[in-house]
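Below are the chains, spelled out letter by letter.
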Amino acid sequence: MPSSEKGALIKYSIIHYVGAELHCATLVSIAPSSGCMFNAFHVCLTGGSLDSSTLSESTFLSYRKEWDDLFLNSNYLTRIRQAGINGRLRSSRFRSVCWKLYLEVLPEDKSQWINKTKELRSQYEKIKERHITNPRKAAGQQDLVVNNPLSQDEGSLWNKFFQDNELRGMIKQDVMRTFPEMRYFQEEDVRTKLTDILFCYARENEQLLYKQGMHELLAPIVFVLHCDHQAFQHASETAHPSEELMSLLNPMFQEHDAYAMFSQLMETAEPWFSSFQREGKEEMLTSMPFARPQDLGPSVAIVTKVNRIQDQLVKKHDVELHMHVNRLEIAPQIYGIRWVRLLFGREFPLQDLLVVWDALFADSITLDLVDYVFVAMLLYIRDACKDLPHCPSISCQSVSQSRLYFITI
Amino acid sequence: MAKQYDVLFRLLLLGDSGVGKTCLLCRFTDNEFHPSHISTIGVDFKMKTLEIDGIKVRIQIWDTAGQERYQTITKQYYRRAQGIFLVYDITSERSFQHIMKWASDVDEYAPDNIQRILIGNKSDEEEKRQVATGQGNKLAKDYGMDFFETSASTNYNITESFTRLAEQVLAANKKDLDLLRASVTDELNLAALEEEEGITDGAAASQKGCWC
Chain B
1 MPSSEKGALI KYSIIHYVGA ELHCATLVSI APSSGCMFNA FHVCLTGGSL
51 DSSTLSESTF LSYRKEWDDL FLNSNYLTRI RQAGINGRLR SSRFRSVCWK
101 LYLEVLPEDK SQWINKTKEL RSQYEKIKER HITNPRKAAG QQDLVVNNPL
151 SQDEGSLWNK FFQDNELRGM IKQDVMRTFP EMRYFQEEDV RTKLTDILFC
201 YARENEQLLY KQGMHELLAP IVFVLHCDHQ AFQHASETAH PSEELMSLLN
251 PMFQEHDAYA MFSQLMETAE PWFSSFQREG KEEMLTSMPF ARPQDLGPSV
301 AIVTKVNRIQ DQLVKKHDVE LHMHVNRLEI APQIYGIRWV RLLFGREFPL
351 QDLLVVWDAL FADSITLDLV DYVFVAMLLY IRDACKDLPH CPSISCQSVS
401 QSRLYFITI
Chain F
1 MAKQYDVLFR LLLLGDSGVG KTCLLCRFTD NEFHPSHIST IGVDFKMKTL
51 EIDGIKVRIQ IWDTAGQERY QTITKQYYRR AQGIFLVYDI TSERSFQHIM
101 KWASDVDEYA PDNIQRILIG NKSDEEEKRQ VATGQGNKLA KDYGMDFFET
151 SASTNYNITE SFTRLAEQVL AANKKDLDLL RASVTDELNL AALEEEEGIT
201 DGAAASQKGC WC
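Taken in sequence, the protein lines are chains B and F.
Heads up: the first sequence begins at 1 in the UniProt record's numbering, then just goes up one per residue.
Heads up: the second sequence begins at 1 in the UniProt record's numbering, then just goes up one per residue.
Please keep in mind that the hints were generated in silico from the structure rather than gathered at the bench.
Watch out, some of these pointers could steer you wrong.
Derived contacts from chain B toward chain F, CB cut-off under 8 Å, selection only [what the hints assert, rightly or not]:
{"id": "1", "residue": "R168"}
{"id": "2", "residue": "Q173"}
{"id": "3", "residue": "D174"}
{"id": "4", "residue": "R177"}
{"id": "5", "residue": "G213"}
{"id": "6", "residue": "I337"}
{"id": "7", "residue": "M377"}
Only a predicted model underlies this, so the values are computations on that prediction, with no experimental measurement involved.
Beta carbons: idealized from backbone N, C-alpha and C, even for Gly.
The following block holds chain B by itself, in its conformation from the complex (with noise of 0.2 Å):
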């Protein structure tokens, strides 16, 4: 091998993994400033022997590459599926391109990926068009006597405009309290869109609306789709991409790429935030004498999920666990409602977690992966917990309070 083709070879393999590695701690990054962090290390070896315009050529070569490793076969989605499963989309410059196959924003016919961006992408516009109204720019479409300030008509744009205040007050108060430790959260219009997206989301599912903890299922996706904007446009800063590339990385539809991802997420993840009552089982289960807490009042699918997982799940795996949390009492909704409904987000480090996002999307959007990761993590602790004296209350503090990490992924 030529002694300058091989410079260039290490010089690629060079900024591939620096780049992977980069790419890898903008995902832990506090700050929004990950395109300074690539454009530092930029300036850093241009300033040295190395060629710039070569080392651009080869960063955009090493993105290029690697978007066709994940996407060019023509068993894709089994590999990337896999790819996910493994923990190999880790420091991925297209993991917001592999949760949306995931979870069936994309089609799997590659020749649909534009035209369904665009249908996906202009049906969001739409739908905030619909719901972010402003009662004074509207004045004109309604009578008088319905549309003022203090009409109570329930037609009314002033009374649909205050009761819209009502409800993204309540999202905003959430929004603010989004991954506190993370710089990236606490810009004025990240905020914004994540609370234009949880308002869409709940005026599209009156039922639903708004509920706790839906901020952080909506946190990770914009965070995902921002890391990705930024590895395209410093990978595009030197050569050309492909027209699919610049239509799927366009950073200008974050928002509406991320509402896309985040409905088809709350699709399978809705019951789980339901406070939907089955009755009847009560009247039914007062009369046992040896019920359980878990076993009374009402049946929310939240909490008829934890208990099965426990009363099921942990107990085929583990009986002697079983037994024991049942003698202590603990309720598995105690800990396992926010282990559920963030998808494990409080236990883990932000990067970690999108690791295990990966495997819970790419595993299947049923997203049933979650029941096993739970009954993992329960294992995990299980000498923790069995050592502790027969005290419920100190037990369940240990269950619940445990910041869980999965050393393996």
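With chain B fixed as given, assemble chain F onto it according to the hints.
Relative to the frame of chain B, chain F by itself:
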């Protein structure tokens, strides 16, 4: 089994989302305050041991999400509570109006001898105040509750209000307390009570005052 405390009881924090329930709790148990707190999802709880009249009182304080109400935490948990903090935010008129709703839920689900206390939090934000101290006082009086304005941020009235509720619970369960005093050296008795609680149903347990 040796115990680090003489009695244990359960208190609940209730109130609208964002009034500062978690912050009150963190200030009380860990003496910490984080202005940018994350919202509580589902339920959580913390413990602290106080010494009142020479008795080591272990209190387990349940922190609920403002949106949660009585849906996911089973009624049984509420029935086992001995004391309730009804919390509003003095800078939010709405959260104050909702206290009535929270109080009626308590009446419906909690045991009859439950002790309640009214808390108007964020008293340090005087410039944003929407609920006058007098309004809080009046509401508390109407409901026969004690009332404290608190600030988790400046650590104002935190220990006072938690201790007051703990004392009220102790006083309300004085009969059981006297029994306990008579047998305070008998560790087995405590263990026996604990065992018993595990197998009796909720109604019986709450009648006994739920010592464990």
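Structure-based check of all given hints:
1. Evaluation of the R168/B hint against chain F yields a violated restraint, the C-beta minimum of about 14 Å exceeding 8 Å.
2. About 5 Å separates the beta-carbon of Q173/B from the nearest beta-carbon of chain F, less than 8 Å, and the hint is met.
3. The beta carbon of D174/B is positioned within 8 Å of a beta carbon in chain F (closest approach about 5 Å), and the interface hint is therefore held.
4. Annotation: interface hint on R177/B holds; nearest CB of chain F at approximately 5 Å, less than 8 Å.
5. Proximity of G213/B to chain F holds as hinted, the smallest CB-CB distance being about 5 Å (cut-off 8 Å).
6. Taken as an interface hint, I337/B checks out: its beta carbon lies about 3 Å from the nearest beta carbon of chain F, inside 8 Å.
7. Hint on M377/B is violated. Least Cβ distance to chain F is approximately 15 Å, over the 8 Å limit.
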